Amino acid sequence: EAQVTQNPRYLITVTGKKLTVTCSQNMNHEYMSWYRQDPGLGLRQIYYSMNVEVTDKGDVPEGYKVSRKEKRNFPLILESPSPNQTSLYFCASSFQLAASYEQYFGPGTRLTVT
Amino acid sequence: AQSVTQLGSHVSVSEGALVLLRCNYSSSVPPYLFWYVQYPNQGLQLLLKYTSAATLVKGINGFEAEFKKSETSFHLTKPSAHMSDAAEYFCAVSGSDSWGKFQFGAGTQVVVTP
Numbered sequence: 002e003a004q005v006t007q008n009p010r011y012l013i014t015v016t017g018k019k020l021t022v023t024c025s026q027n028m029n030h031e032y033m034s035w036y037r038q039d040p041g042l043g044l045r046q047i048y049y050s051m052n053v054e055v056t057d058k059g060d061v062p063e064g065y066k067v068s069r070k071e072k073r074n075f076p077l078i079l080e081s082p083s084p085n086q087t088s089l090y091f092c093a094s095s096f097q098l099a100a101s102y103e104q105y106f107g108p109g110t111r112l113t114v115t
Numbered sequence: 005a006q007s008v009t010q011l012g013s014h015v016s017v018s019e020g021a022l023v024l025l026r027c028n029y030s031s032s033v034p035p036y037l038f039w040y041v042q043y044p045n046q047g048l049q050l051l052l053k054y055t056s057a058a059t060l061v062k063g064i065n066g067f068e069a070e071f072k073k074s075e076t077s078f079h080l081t082k083p084s085a086h087m088s089d090a091a092e093y094f095c096a097v098s099g100s101d102s103w104g105k106f107q108f109g110a111g112t113q114v115v116v117t118p
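Same order as they appear, the protein sequences are chains A and B. With the first letter of the first sequence counted as 1, position 97 gets the number 98 in our numbering; the numbers rise by one all the way through. With the first letter of the second sequence counted as 1, position 19 gets the number 23 in our numbering; the numbers rise by one all the way through.
Calculated directly from the structure, the hints in this document are not laboratory data. One or more of the hints may lead you astray.
Claimed, not checked - Derived EDC-like pairs (lysine to aspartate or glutamate); straight-line CA-CA distance at most 16 Å: (1) A/Lys70 - A/Glu103; (2) A/Lys18 - A/Glu80; (3) A/Lys66 - A/Glu54; (4) A/Lys70 - A/Asp57; (5) B/Lys105 - A/Glu80; (6) A/Lys66 - A/Glu80; (7) B/Lys105 - A/Asp57; (8) B/Lys105 - A/Glu31; (9) B/Lys105 - A/Glu2; (10) A/Lys72 - A/Asp39; (11) B/Lys62 - A/Glu103; (12) A/Lys19 - A/Glu63; (13) A/Lys72 - A/Asp60; (14) A/Lys70 - A/Glu54; (15) A/Lys19 - A/Glu103.
Claimed, not checked - Partial pick of chain B residues on the chain A-facing surface, computed with a CB cut under 10 Å: (16) Gln10; (17) Leu11; (18) Val15; (19) Tyr36; (20) Gln42; (21) Leu48; (22) Gln49; (23) Phe71; (24) Gly104; (25) Lys105; (26) Gln107; (27) Gly109.
None of these values were measured; they are calculated from a predicted model. Heads up, the beta-carbon is just placed ideally off N, CA and C, and yes, glycines get one too.
From just these sequences and the hints, can you work out the full model?
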């Protein structure tokens with residue numbers, strides 16, 4: 002089954018404790034992206050990747066890191082989480098065809114930082 | 005820079021009535037426009053997309069949207085609401101000069117009443 006998976010689905014952590022949210026897709030998509038969803042703000046893009054070893058900042062990259070060493074994986078790293086990073090996080094992927102970008106979204110990771 | 009504004013954070017419609025969700029965009033270059041739907045506790049699913057072909061775009065589940073350049077709008081409609089249409093809807097824009105970068109609107113929650 003074609004899908005985007007995220008782990009963990011739920012995470013409660015404390016301020017300053019490094020964490021990684023994994024994202025994996027099995028559709029051989031070149032493009033992958035991370036978003037955070039907050040009430041009243043919609044989705045905001047954190048980072049995206051056009052292909053392996055190619056990443057770029059979205060609108061809200063501060064406090065986050067990413068890497069793209071393999072085509073299928075795009076982990077999101079919070080080196081020192083803070084309470085304002087409490088949010089619902091989505092990973093998405095798509096083929097990088099001209100004007101396509103039909104993004105497939107993962108189920109989301111709900112992160113709480115206390 | 006590009007941005008999206010969705011008018012109305014909540015919309016209530018009667019079953020069988022017209023659904024109209026409003027989206028206005030700003031973009032300095034020809035935009036690519038998308039509508040996504042999010043059901044409770046799920047990721048986002050693409051409803052339809054505009055990529056500079058036909059201005060009237062048909063999507064899944066009976067939805068359609070019309071691109072109006074003069075009004076910088078991309079409103080989503082469905083002639084007859086169904087109970088299963090209750091969800092949150094997001095408009096998104098990507099620019100032809102910024103491949104991979106997306107901006108989403110704040111979302112419109114649709115409630116369908118019997």
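Each hint tested on the structure:
no., hint, verdict
1, A/Lys70 - A/Glu103, "violated, 23 Å"
2, A/Lys18 - A/Glu80, "holds, 7 Å"
3, A/Lys66 - A/Glu54, "holds, 13 Å"
4, A/Lys70 - A/Asp57, "holds, 14 Å"
5, B/Lys105 - A/Glu80, "violated, 24 Å"
6, A/Lys66 - A/Glu80, "holds, 8 Å"
7, B/Lys105 - A/Asp57, "holds, 9 Å"
8, B/Lys105 - A/Glu31, "holds, 14 Å"
9, B/Lys105 - A/Glu2, "violated, 27 Å"
10, A/Lys72 - A/Asp39, "violated, 28 Å"
11, B/Lys62 - A/Glu103, "holds, 15 Å"
12, A/Lys19 - A/Glu63, "holds, 15 Å"
13, A/Lys72 - A/Asp60, "violated, 23 Å"
14, A/Lys70 - A/Glu54, "holds, 6 Å"
15, A/Lys19 - A/Glu103, "violated, 32 Å"
16, Gln10, "holds, 8 Å"
17, Leu11, "violated, 13 Å"
18, Val15, "violated, 15 Å"
19, Tyr36, "holds, 6 Å"
20, Gln42, "holds, 9 Å"
21, Leu48, "holds, 4 Å"
22, Gln49, "holds, 7 Å"
23, Phe71, "violated, 13 Å"
24, Gly104, "holds, 5 Å"
25, Lys105, "holds, 7 Å"
26, Gln107, "holds, 7 Å"
27, Gly109, "holds, 5 Å"
Violated hints, in rising order: 1, 5, 9, 10, 13, 15, 17, 18, 23; the structure is consistent with all others.
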